[in-house]
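Using the sequences and the accompanying hints, generate a full structural model.
Protein chains: 2
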Amino acid sequence: MATRCSSFDLLGTAGAARTGVLHLPHGSVPTPAFMPVGTRGTVRGLTPRDLRGLGASMVLANTYHLWVRPGHEDLRALGGLHRFMGWDGPILTDSGGFQVFSLKEHVKVSEDGVRFRSPLDGQHRHLTPELAVEIQETFGVDVAMALDECIEVPATRDRTASSTDRTTRWLHRQLTSRRQPDRTALFGIVQGGLFTDLRVAHAQELASLDLDGYAIGGLSVGEPQETMFEMVEAVTPHLPTDRVRYLMGVGKPLDIYGAVLRGVDLFDCVLPTRVGRHGLVWTWHGRMNMKNARYRLDDRPLDAGCTCEACTGGFSRAYLRHLYVTDELLGKRLLSVHNLHFYQDLMRRLRGAIGAGDEAVSALGAQVAAASEPAPEGA
Amino acid sequence: MATRCSSFDLLGTAGAARTGVLHLPHGSVPTPAFMPVGTRGTVRGLTPRDLRGLGASMVLANTYHLWVRPGHEDLRALGGLHRFMGWDGPILTDSGGFQVFSLKEHVKVSEDGVRFRSPLDGQHRHLTPELAVEIQETFGVDVAMALDECIEVPATRDRTASSTDRTTRWLHRQLTSRRQPDRTALFGIVQGGLFTDLRVAHAQELASLDLDGYAIGGLSVGEPQETMFEMVEAVTPHLPTDRVRYLMGVGKPLDIYGAVLRGVDLFDCVLPTRVGRHGLVWTWHGRMNMKNARYRLDDRPLDAGCTCEACTGGFSRAYLRHLYVTDELLGKRLLSVHNLHFYQDLMRRLRGAIGAGDEAVSALGAQVAAASEPAPEGA
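Going down the list, the sequences are from chains C and H.
Note that our numbering has the first sequence beginning at 1, numbered continuously upward.
Note that our numbering has the second sequence beginning at 1, numbered continuously upward.
You may find that some hints are simply not true.
[Said to hold, decoys possible] Output of the computed footprint for chain C on chain H, the stretches with three or more beta carbons under 8 Å from beta carbons of chain C: (1) 26-33; (2) 69-80; (3) 296-308; (4) 312-318.
[Stated by the list, open to error] Here are some, though not all, of the chain C residues that point toward chain H, as calculated from beta-carbon distances under 10 Å: (5) Thr47; (6) Gly86; (7) Arg183; (8) Tyr319; (9) Arg321.
Keep in mind that the hints were calculated from the coordinates and are not lab data.
For glycine and all other residues, C-beta sits at the position ideal for the given N, C-alpha and C.
Written out as C-alpha cells, the structure is:
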C-alpha cells in the first residue's frame, strides 16, 4: 500500500487495556471509543449537533441500508455520506455482509460473493468483496470494513475454518481493488467462530498483512459473555499494537468494559438507542425502566449527576415515564440521548482510568457493575 | 371578578387587523400569535428549548388527554403542567369538550355536563363545566377555556340556538366556580354555528360579561373557508377591543392571514406538526412535498432563507427526503421544526405588517398566497 490515511497512537496501557488516539481523515478519535449507530445515515431522532453535544466523536452507518436507499451512486452525486448526513467527523461503515447474511433463505454464497433478494425493494442484488469496498469508497467514509462471510454460530470446525479462509481470500481481493487508500481506510475482520486456535491463526494471518485496523467479527451473536471474552483474549495479543482494534456490535456496558480490559479500542452497538426507545436507561446508580409505576410521581431528573439534555432540560422521571406511556417521540429522543451520553461517559471514564493505572481501572469495573444492576428502590 | 391575571395591550391596527401584547402570568405574548399544539404535554418530538429556538412564546395543551393521562391530581402532585413539561412560558389548555364530543356514540350530554366512556382507559367519566375549570386550574395553566357544547355542523337553527344557550349557562357556572382567577384566566367561547345572527347575539352576550378573553369556537370543522371568514367577520366587531381574540383550531397560513384581517389575535392548529410528520412543508417559495422524487438529488437546504434547525443544520432536501422515505424519527422532528418556524415567521411578519399599515398587510397577503401554492419546479 502506497499511502495510508489512518494511524493509531498508543498513549497508555493498564494491563492489556489501552488508551490512544485514532487519527482519520475527518478527525481524531480518543480511544477506547464508542460509535453511535446511524443505520440509514441518521442516529434515530438525533441531529449531528446532538451527537457532538453528547460527546460522540465518530459514528457508524450501515452499508447495506444505504446501498439500497438512497444508493451509493446517489450518495456520490450528493457529495458523499458526510455531507449527506451533515456529520463532519469520522464515519465507519460496516461492509453490508452482516445484514445480507441475516436474510438467510434469500442468500446464495459463492466464492465470487453473495447473491440475495433485498426485502426492501425486492431486487436481486450481488454483493462481491470488490463491490463492498467500491460502495464504501463511494460513500467517502473514513473507514471501510472488509466483506467477510458471516456464518451461523455455533458451526462445525470444518465449516468455520473454510469460511474463515474464504474471508481471507476476499480480503486479498479487496486490498487489490481499493481505489482510494489515501481517503478511506480498510479494516480487516478476524473470524474463526468459537474456535480459539482458528481465531489465533486468523489473527496472525491478518496481522502479517499490515492492515489499517483490525476488527473482531462473528461475536455478540448469542454466545455467553465468557466465551466472547475468551475469543477476544485469544485474538488481541496477536494483533499489532500500533493498529486500532474494533469489536463489532458489542455491547452492554460490562461487555465493553471486559473487552477493553482485553485490549479492544473501538465499539459500536444499537443497544443504547434501541433500548432507550423502549424506556430503558443506564445511570451510574443502576438501570432504570421508565415504564415502571415507581416513577409516576417522581419529580427528580433521570440522573442528577448527568449533564445530558434529558437530565438537564427540566424533565422529571414522571414526565419521561409519561412520554413513554403515551408513546411520544420526545421520549424516544430524550432516552436515546441519555443512553448515548452514558456510553460516551463510560468511554471517557475508561480512558481516564487506563491513564491512571490498574487500580483506577478496577475501581471503574465496580462502578460499571453497579450501573448494570437494576437501580435500587429510592435511588 | 376581584382579580384578573391577564391583560391585552392593543399596539396598532390596520383595518380590522390588530397587533398587541397579551400579558399572562408566565410571560407576554406578542400578537397575532400562533400556539404550537402539545396535546399530551409535548409538542411531538420537540423540547421546550427547541420551541423557544423557533420563536414560540405560548403553547397549547389538551385538557382531555392530560386529564386521562397522567391525570390532574398527578399533575398537582408534580407541581403543575409548566413544571411537568419543562416549559416556563404561557400555556393555554382547551376545555376537553372538543375531544369528548368527538367520541360521539359514547357521549351523553345533559344540562349537568357530559358523560362518556374514555377509549384510552375504558373508564366512564363525567365532565361538568365546573370540573373542566377545576382540572385546568389544577394544571396551573395561564389560560383555561370554558367548557362549551360542541355540536355537529351543519345543525338546525333551533338546535344551534339551544346549544349556544347551554354554552352560556355553562359559562356562568364556570365563572362562579373559579378558584384562582389571579393565576388562571378564563376565556369564553362564542358559538352559534353557521348562523350569523346567532353568532352576533352570542358575541354580544359574552362581551357583556367582561371576560378575560374571547374565543371563537365551532369553526374549522369542514365548512368552506369563506363561511368561516363570514362568521369571524360577524363576531369580532362585537367583542371588546381590549381583550384578546382567539380562533380555535385554525388553520392553514391563508386561514390565519384572513382571520387576522378580520380582527383575530391568537391561533392554534396541529397542522404544521401533523403534515410535517407526513413530509409536507411550507416555505416562502411554496409548499413542498418531501417525498417527491424531484428532491432525490437536490442538495440545497429546504429553504436557504430560513433560519430554522432543519434549514441551517447542513441537511439537504435529498437527505430530508431520505429521512421521510425511510420513516426516520429525525425527519419528523426536522420537518415539524421547520413548519412551526414557518408559522412563527408568518406571525412575526403579520405583526410587522400591521405595524407598518395597510399596504404592508396586503403585500404580505400575496406572499402568504405564494407560500400556499406548490413550489414551482426548480424553486
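For each hint, the structure was consulted:
{"no.": "1", "hint": "26-33", "in the structure": "violated (count 0)"}
{"no.": "2", "hint": "69-80", "in the structure": "holds (count 6)"}
{"no.": "3", "hint": "296-308", "in the structure": "holds (count 3)"}
{"no.": "4", "hint": "312-318", "in the structure": "holds (count 5)"}
{"no.": "5", "hint": "Thr47", "in the structure": "holds (6 Å)"}
{"no.": "6", "hint": "Gly86", "in the structure": "holds (4 Å)"}
{"no.": "7", "hint": "Arg183", "in the structure": "violated (20 Å)"}
{"no.": "8", "hint": "Tyr319", "in the structure": "holds (5 Å)"}
{"no.": "9", "hint": "Arg321", "in the structure": "holds (8 Å)"}
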